Amino acid sequence: MVFADAGNFNVLKAAEIVYLEGIAKPILLGDNKKIKKIIEENNLELKKVKIINPHSSLEARVRKEYAKVLFEKRQRKGITLDEAESLIHNPYYFGVMMVELGHADAFISGYESKYADTIRPALQIVGTKPGLRTIAGMYIMMTPKGPFFFADTTVNILPTPEELVDITLLTADQVTKFNIEPHIALVSYSNFGSAQRGDSPKTMSRAVEILHHDHPDLIVDGELQANFALNDELQKTIFPFSKLVDHKVNTLIFPSLNAGNIAYKMLQEIGGSEAIGPILMGIGKPIHVLQMGCSVQEIVDVTAMAVVDAQEWSKI
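Reading the sequence shown from the start, the letters are residues 1 to 316 in the numbering used here.
Hints are supplied without guarantee of correctness; some may be wrong.
Said to hold, decoys possible - Taking lysine to any residue pairs in the SDA-like style, the calculated list, with each CA pair at most 20 Å apart, reads:
1. K37 - I23
2. K248 - D217
3. K145 - L234
4. K248 - A226
5. K248 - W313
6. K129 - W313
7. K77 - R133
8. K50 - N90
9. K243 - K265
10. K177 - A226
11. K177 - G284
12. K48 - N90
13. K265 - Y189
14. K285 - E16
15. K33 - N53
16. K114 - K248
Simulated from the structure, these hints should not be mistaken for laboratory data. Here the structure is a predicted model, which is why all the values come from computation and not from measurement.
Take these sequences, add in the hints, and give me the full structure.
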């Protein structure tokens, strides 16, 4: 498990937990002296863990190999060999390339950078899984009423109906991996066409129409306002035709990044809920991106999910 941003205490503390509990074998990316200083000052049990500095002269041969591969992948998309050689000094490009070439099983990044800056290397080097057009981010919200799954909360700003279908299917697959049957509501400010103004209800409705036609066994419906989606009795009384009746909704698909991001952060801060994630779905290899400035436990949680992801990918 490769950890970027390893010059940060929280990342190193999480790596120590991962190492001591046998969750994964960490590899730390960053400045050797800075990392070792933090380890020594905090008595972290990471002295036997491998540290790689992407800028070091010791990694010159590896950087040359990685830059060549990056150039071959992106030479017709605006990246020159010189630019590839420069980009590989970036720990995010270096770490993703380690996974791409089989030099590591999974990569964790994003603690110190914007989400978009951490996803870009993964998309440029690894890309999406075969047959997929879309990636998405999902949060697990641990609430007093049980877990809820929110998507997309990190990637797609204003998804099309087709992208919403992909997001829904990616999320359903991920929820199933937790041995939970997904009961999915596509939420909006409208209930089954009740609002005639705005594009959001029409977009969500069209996505549901595609899902019902192409995936009739999936328990999904919408567009629905959030209170109707989460209140089965209310939904049963007013919309008895809904496929969600008598199925407690546990998965919410949002019409925009704006809505999804606001919803999970509000629930996290004032709703007494723990947010686990984000889980990056649809990417071609086990690459996972942290929320900037997240807690040690959140890093450990994402790492554990990355391990499962890596184990599943190894079976392909």
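Evaluation of the provided hints:
no.	hint	in the structure
1	K37 - I23	violated (24 Å)
2	K248 - D217	holds (16 Å)
3	K145 - L234	holds (17 Å)
4	K248 - A226	holds (13 Å)
5	K248 - W313	violated (31 Å)
6	K129 - W313	holds (11 Å)
7	K77 - R133	holds (18 Å)
8	K50 - N90	holds (18 Å)
9	K243 - K265	violated (28 Å)
10	K177 - A226	violated (25 Å)
11	K177 - G284	holds (17 Å)
12	K48 - N90	violated (24 Å)
13	K265 - Y189	holds (19 Å)
14	K285 - E16	violated (24 Å)
15	K33 - N53	holds (10 Å)
16	K114 - K248	violated (35 Å)
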